[in-house]
Amino acid sequence: MTTTRPQPEAYCQADPVFYDISGRHTGDDSSAFHQSTLPAPAGWERRETDVWIVHTPLGHTLPPQGWKIHISALPGNARRIVDAAWEYCVRHGLPFKFLRGVDVLTTHSLKYAPRSSSGKLVTIYPSDEEQLRRTLEELGQRLEGEAGPYILTDLRWNAGPLHVRYGGFVSRYCTDADGTPVHAIERPDGTLVPDRRRPVFEVPEWVELPGFLADQLAARQAGGSPADFPYTVERALHFSNGGGVYLAKDSEQRQVVLKEARPHAGLDGRGRDAVARLDRERRALERLAGIPGIPRLYEHRVVWEHHFLSVQHMPGDTLQGWLARHYPLTRTGPDARALSDYVERAGELADRIERLVARVHERGMVFGDLHPANILVDDEDEVALVDFELAVPVEEADRLGLGHPGFAGTGRTGYAMDLHALAALRLWLLFPLNGLNELDPGRTARFVDVAERRFALPAGSLDRLRRELAPSEEARNKVPAALREPLRVDLDTALPNWGAIRKSLAEAVVLSATPHRTDRLFPGDVRQFMTDGANFAYGAAGVLWALHTCGAGRYPEYEQWLLDAAGRDVPPRPGFYDGAHGIAHVLARLGHLDTAARLVHTSREAVAQVREVSLFRGTAGIGLNLLDLAARTGDDVYRRRALELAERTAAAVTAGEAPGIMAGPGHGSRAGLLRGWTGAALFFLRLYEETADAAHLGLAVRALHLDLDLCTPADDGSLQVDGGFRQLPYLEVGSAGIALVADEVLAHRPDARLERALPALARSAEPEFTIEPHLFGGRAGLLATLAVLRGRHPERDPGLAVERHLTRLHWHALSFHGQLAFPGEQLRRISMDLATGGPGVLLALSAALDGRRDFLPFLAPFTATAPGAEHRAP
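In terms of full-length UniProt numbering, the sequence shown has 659 at position 659, counting the first letter as 1, and numbering is strictly consecutive.
Since the hints were derived computationally from the structure, they do not count as laboratory data. Please note: incorrect hints may appear among the correct ones.
Unchecked claim - Here are the in silico distance ranges between beta carbons for each label pair: (1) N497 with R80: 36 to 44 Å; (2) D636 with H60: 42 to 50 Å; (3) A336 with G411: 47 to 55 Å.
Claimed, not checked - Derived pair list, reagent style SDA-like, types lysine to any residue, alpha-carbon separation capped at 25 Å: (4) K249 with E205; (5) K503 with E485; (6) K249 with A289.
Each residue gets a CB set at the ideal place from its N, CA and C atoms; glycine is no exception.
Sequences and hints are given; from them, build the entire structure.
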């Protein structure tokens with residue numbers, strides 16, 4: 001991957017329809033601690049921040065930073081620990097906070113929850129080191145014997161659940177090395193520096209470790225000798241809350257895979273931790289020893305508090321990687337022979353997987369977690385299984401507490417679990433949209449029909465998959481009421497009623513609004529909980545902009561929500577798509593110029609720290625918004641600031657170096673419209689149109705060449721961004737966005753390299769299959785790109801690609817209270833944000849059906865208008 005995709009698992013627990021965080025918004029307080037609803041004790045003040053309940057003595061001034069205490073816990077002892085912490089802190093006047101309830105703690109403890117917050121239940125803020133020591137000793141004695149996961153960022157106090165760390169007590173921000181706003185602490189000279197929260201205990205160099213913590217540090221460091229850990233780790237393959245998976249060499253110089261398990265961490269659906277699953281994997285590998293395609297177990301070792309399994313490194317790539325390289329429907333114009341050859345090869349591969357699973361069953365074992373990431377394929381198409389943490393004897397194969405969406409059949413037990421997964425795999429190899437099964441259990445079986453038709457298979461040849469994948473009554477009953485009503489519009493028809501379809505999309509967005517919440521207005525991607533619920537990409541600003549731009553109306557109540565959000569806090573991020581400038585752009589577009597100007601003004605200091613040049617969060621997006629404000633208001637100050645940012649951006653383009661665009665060896669690049677150099681090219685193009693300075697046009701060409709350097713030819717004649725394990729044609733990161741801007745630049749200036757590349761860049765947007773439907777990284781972005789290119793150059797009409805994208809939208813379409821909606825990233829939940837949800841699809845339809853060039857801000861040239869008026873070319 002080229003952009004960080006957070007694991008959605010922790011955000012799937014609170015709501016079966018939308019990504020959300022467990023806590024006060026779920027409507028279920030049954031797991032809440034009774035202290036969560038109590039009023040503040042006399043002499044205290046109480047407030048709520050997201051999932052935390054915060055208590056502070058009246059008149060107490062919290063130090064900006066210092067040594068804090070974290071108390072970890074398990075769902076089983078959480079109530080006792082909150083009772084003890086509440087009583088102690090209130091009695092001693094110690095500011096503290098705690099999670100709202102057991103469900104929130106459980107969510108934070110799951111396998112794919114963020115590691116930095118794993119197990120944290122209570123945070124206490126001592127005023128000085130003496131209060132820190134006394135609290136650790138007294139409260140530590142009271143909680144002695146209570147279990148809790150080790151908090152990776154902290155130092156454990158003795159053997160109990162108390163941990164300590166030096167860090168910020170109040171929210172302050174600075175920028176990290178790549179210009180990203182991060183939590184800050186203050187050096188003695190007053191400089192703000194990042195408050196590091198890496199999964200390792202570290203103390204700022206100017207802070208001295210209190211003497212009473214010396215024994216604790218020595219105990220932590222005692223288990224790290226070479227004799228205890230005779231491995232040389234070469235690289236991390238995977239991280240989860242339960243531990244890491246590493247490629248390493250052992251003392252015999254064998255290539256091994258090390259699987260790590262942390263006690264009390266990485267819980268599954270039945271409360272079992274990573275150590276229990278690692279022990280289950282050890283026993284499974286012992287029982288399956290000697291089967292070709294099953295890795296050999298070398299040893300089990302405990303180092304410090306962590307458990308490790310050393311197993312044979314198996315050759316090959318995951319089945320996911322194999323599909324990314326070979327799936328024909330992601331290529332442009334595959335012929336019948338290509339489809340037929342793929343079906344034959346995929347069928348042989350599925351047969352090999354099935355034979356290997358049969359060998360597992362012969363040993364009386366159920367694999368339990370069969371999905372593409374747990375299957376390796378080598379260069380000869382030989383297969384292997386990895387990750388045996390759910391593999392159990394058949395008599396124990398009830399419901400295992402975990403399971404991959406789209407492959408784990410509801411209600412299956414014993415060997416039937418694997419047989420269902422094998423059927424799902426066979427379908428996935430032909431039509432890999434199994435992830436939608438979680439939102440619509442009948443969808444997977446219906447996709448069998450699509451696969452049979454698209455690959456020209458004999459009618460009925462996939463009947464075995466139809467029978468196996470038909471949803472059980474239990475699965476149907478688990479579908480939430482909001483998704484059960486039949487969709488009132490039909491996309492799968494020869495003549496769709498696009499007016500009704502667009503209206504339905506907009507109505508679904510409005511139906512999803514939660515104006516009573518302050519953290520978010522429209523449900524969207526999980527990133528809205530990592531940034532804020534107001535920003536352009538994942539929050540309210542982008543949604544309101546999309547609805548207004550597409551003619552779906554204005555909503556004063558929701559505009560007021562955005563105004564209130566902008567008034568409460570200055571977004572720590574100044575960027576366009578993730579911060580203050582995007583919110584300001586929308587507010588200015590809607591006529592709220594005073595609030596927009598205030599946001600821009602208060603973000604100036606943060607803008608000065610920005611080092612990234614991207615359109616998403618860097619100088620290009622901020623500079624374009626300043627140009628927009630100059631045109632909208634007539635205030636030349638905005639124009640001068642845009643030119644200052646242009647100088648910084650030009651320096652980066654000239655040097656060919658900027659943070660964030662290269663994601664690192666083996667991980668591909670971030671080339672493209674929103675994350676790459678192309679955003680800078682768009683900035684310079686608009687500057688050229690404003691100033692007629694040819695130097696700006698030259699910089700635009702140079703920036704596009706830098707992104708072309710990060711592209712690679714595909715076997716279908718397209719040119720795509722090198723994404724590491726796959727090639728990327730998309731809008732946010734990918735070749736589609738490069739094509740849009742390259743075409744505009746060529747209208748002003750010839751360039752042989754761009755002219756050669758443009759047809760191949762455009763060709764990358766034509767394939768009919770995408771895993772996801774949305775604007776930034778899916779079908780909608782490809783549709784909008786082709787529609788704009790066709791509008792500019794009717795003579796170079798890319799065949800039926802636009803129409804094909806339109807007709808394939810129904811593959812992802814879902815019903816939300818009968819209205820049209822689409823799943824977000826990873827297809828686990830519906831999204832209503834601009835980047836990953838319905839509003840983005842609505843914008844793509846506006847480009848395809850109305851000929852809009854500006855389906856995103858700044859994609860059409862500025863035009864001179866009176867201050868405050870609309871100034872976008874149609």
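Status of each hint after checking the structure:
{"no.": "1", "hint": "N497 with R80: 36 to 44 Å", "result": "violated, 59 Å"}
{"no.": "2", "hint": "D636 with H60: 42 to 50 Å", "result": "holds, 48 Å"}
{"no.": "3", "hint": "A336 with G411: 47 to 55 Å", "result": "violated, 39 Å"}
{"no.": "4", "hint": "K249 with E205", "result": "violated, 33 Å"}
{"no.": "5", "hint": "K503 with E485", "result": "holds, 17 Å"}
{"no.": "6", "hint": "K249 with A289", "result": "holds, 21 Å"}
Violation of the numbered hints given earlier is confined to hints 1, 3, 4; the remaining hints are satisfied by the structure.
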